[in-house]
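**Q** In the UniProt record's numbering, the protein residues as written are 1 to 397.
Careful, some of the hints might be misleading.
Here are the simulated BS3-like cross-link-like pairs (lysine-lysine), alpha carbons at most 30 Å apart as the crow flies [what the hints assert, rightly or not]:
1. Lys-242 to Lys-150
2. Lys-252 to Lys-324
3. Lys-242 to Lys-255
4. Lys-323 to Lys-363
5. Lys-324 to Lys-365
6. Lys-238 to Lys-150
7. Lys-217 to Lys-242
8. Lys-255 to Lys-217
9. Lys-324 to Lys-355
10. Lys-217 to Lys-238
11. Lys-238 to Lys-278
12. Lys-150 to Lys-217
13. Lys-285 to Lys-323
14. Lys-255 to Lys-238
15. Lys-278 to Lys-195
16. Lys-238 to Lys-252
17. Lys-252 to Lys-285
18. Lys-336 to Lys-252
19. Lys-242 to Lys-252
20. Lys-355 to Lys-336
21. Lys-336 to Lys-363
22. Lys-252 to Lys-278
Now the in silico label distances, taken between C-beta atoms and shown as ranges [to be verified]:
23. Asp-371 to Arg-288: 24 to 32 Å
24. Glu-340 to Asp-253: 17 to 25 Å
25. Leu-152 to Arg-325: 41 to 49 Å
Honestly, the hints are just simulated from the structure, not real lab data. For clarity, every value in this text was computed on a predicted model and none was experimentally measured. The beta-carbon is built from N, C-alpha and C at its ideal position, and this holds for glycine as well.
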Amino acid sequence: MGPADVIEVDSDEEFFTVHTRAPIKRLPPSRRPPSSSPPRRRKGRKKSRKEGDEAEVDELEEVDDTDKIEAGPSSRRTAGYASVKFKPLPAWVNQSSQRERTGSKGRDKLQRASEVIVLDESDEEVDVVVGGKRRKRIVLTPPPPLPEAKRLEIARIREQFFPSTEAELVAPIRISPPSSSTPPTSLNTVLIYVKMVADPERLANGASAAAIRQYEKSRTFTIGMDDTLDVIVAALAKRIQKPPQEICLVYKDHKLYTGMTPRKLQIDTSAYMQGYEKHVWERVKEERQRARANDAHGAHPEETSPVPTSPSKDELAVKEQTKKRLVLRGSQGQVKINAEPGVIAQTLVSFYCRKTGLPEEAKGKMHLEIDGERVDPDVRVEHMDVEAGDLLDVVEG
Numbered sequence: 001m002g003p004a005d006v007i008e009v010d011s012d013e014e015f016f017t018v019h020t021r022a023p024i025k026r027l028p029p030s031r032r033p034p035s036s037s038p039p040r041r042r043k044g045r046k047k048s049r050k051e052g053d054e055a056e057v058d059e060l061e062e063v064d065d066t067d068k069i070e071a072g073p074s075s076r077r078t079a080g081y082a083s084v085k086f087k088p089l090p091a092w093v094n095q096s097s098q099r100e101r102t103g104s105k106g107r108d109k110l111q112r113a114s115e116v117i118v119l120d121e122s123d124e125e126v127d128v129v130v131g132g133k134r135r136k137r138i139v140l141t142p143p144p145p146l147p148e149a150k151r152l153e154i155a156r157i158r159e160q161f162f163p164s165t166e167a168e169l170v171a172p173i174r175i176s177p178p179s180s181s182t183p184p185t186s187l188n189t190v191l192i193y194v195k196m197v198a199d200p201e202r203l204a205n206g207a208s209a210a211a212i213r214q215y216e217k218s219r220t221f222t223i224g225m226d227d228t229l230d231v232i233v234a235a236l237a238k239r240i241q242k243p244p245q246e247i248c249l250v251y252k253d254h255k256l257y258t259g260m261t262p263r264k265l266q267i268d269t270s271a272y273m274q275g276y277e278k279h280v281w282e283r284v285k286e287e288r289q290r291a292r293a294n295d296a297h298g299a300h301p302e303e304t305s306p307v308p309t310s311p312s313k314d315e316l317a318v319k320e321q322t323k324k325r326l327v328l329r330g331s332q333g334q335v336k337i338n339a340e341p342g343v344i345a346q347t348l349v350s351f352y353c354r355k356t357g358l359p360e361e362a363k364g365k366m367h368l369e370i371d372g373e374r375v376d377p378d379v380r381v382e383h384m385d386v387e388a389g390d391l392l393d394v395v396e397g
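Please construct the entire structure, taking both the sequences and the accompanying hints into account.
**A** As structure tokens, then:
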């Protein structure tokens, strides 16, 4: 019995008997049975391309025949299915299958794409609106500009209820109580002491003495040589709670205009002035004129007519230097005159009437005006806010 023979024995004795396994011997390649695996080309073997192709084709054909002979029915079915070519599926099938494969991931992408983030500059929170198609940015339109009248009204209300401190820091005047010693001043500034004069009727109406003293309290102002007097008038009006148009300053018994400066009044270091309310000043002026008229009617002729003396050459030269060349303009034309500082306004009106041929009684109905402001008849030229060559209007009425 050879080593490759197998003996089948159906008995219990044979079942429990130990048999040795026959050894396995390797056969040479020539005696091996044909294999179902495709042939493999050995490395290192060189053949011509033509000979190699023919040998490979022959070997493949032999393998295919062997497979057909040794393969079973299942192998034939598998080979038949593998050789069949299927038609490609339509495009909509591929799209649906792709959508099914993406699943929730694709739905999340679509949902994120449909979300719109609205950015609002006025709010800190960011609102997300679901369902939009594109990203939008909302920009608030600024309000229309306010008209000029409305802005002026707002500025006036702001100044009224919220006054700024800048005006107080750079105020051009300084108010201080009078003292026994005169404070030092620079060459470009002067001291103006102003005392308000109360209405005599206030005492008659029962005003207290303390209120009168507070009203007539002297005040000191430091202004520049070229500063106008309107700053003093404005400070006095604010002090007594009156409009500036109702306050006037009097210097050497003559009413001053607010456009005058200390340099024009020839004030070097300091001066004392009186402040009046205009209706009080008109009453005081009328009383003074009435008193002067009574003194003139009761005076003796020898007292009122002094002995004329011929002026010296020096006095004439000084008068010529201090004269101002003015132009008087009225309904009858213009008249030029060289007026001395002591000439009053009524004298200028009389001179104009005489030069233009108007009757003597017409001068009582005329008065002077400077820049539309009426000049009192007894105001001197030196106290008028005029320069050489200025124009004065002679107005009737």
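**Q** Each hint should be assessed against the structure and marked as holding or not.
**A** Structure-based check of all given hints:
no.	hint	result
1	Lys-242 to Lys-150	holds (28 Å)
2	Lys-252 to Lys-324	holds (20 Å)
3	Lys-242 to Lys-255	holds (18 Å)
4	Lys-323 to Lys-363	holds (23 Å)
5	Lys-324 to Lys-365	holds (25 Å)
6	Lys-238 to Lys-150	holds (27 Å)
7	Lys-217 to Lys-242	holds (16 Å)
8	Lys-255 to Lys-217	holds (20 Å)
9	Lys-324 to Lys-355	holds (18 Å)
10	Lys-217 to Lys-238	holds (14 Å)
11	Lys-238 to Lys-278	holds (16 Å)
12	Lys-150 to Lys-217	violated (42 Å)
13	Lys-285 to Lys-323	holds (27 Å)
14	Lys-255 to Lys-238	holds (20 Å)
15	Lys-278 to Lys-195	holds (15 Å)
16	Lys-238 to Lys-252	holds (24 Å)
17	Lys-252 to Lys-285	holds (13 Å)
18	Lys-336 to Lys-252	holds (28 Å)
19	Lys-242 to Lys-252	holds (24 Å)
20	Lys-355 to Lys-336	holds (10 Å)
21	Lys-336 to Lys-363	holds (17 Å)
22	Lys-252 to Lys-278	holds (17 Å)
23	Asp-371 to Arg-288: 24 to 32 Å	holds (26 Å)
24	Glu-340 to Asp-253: 17 to 25 Å	holds (18 Å)
25	Leu-152 to Arg-325: 41 to 49 Å	holds (44 Å)
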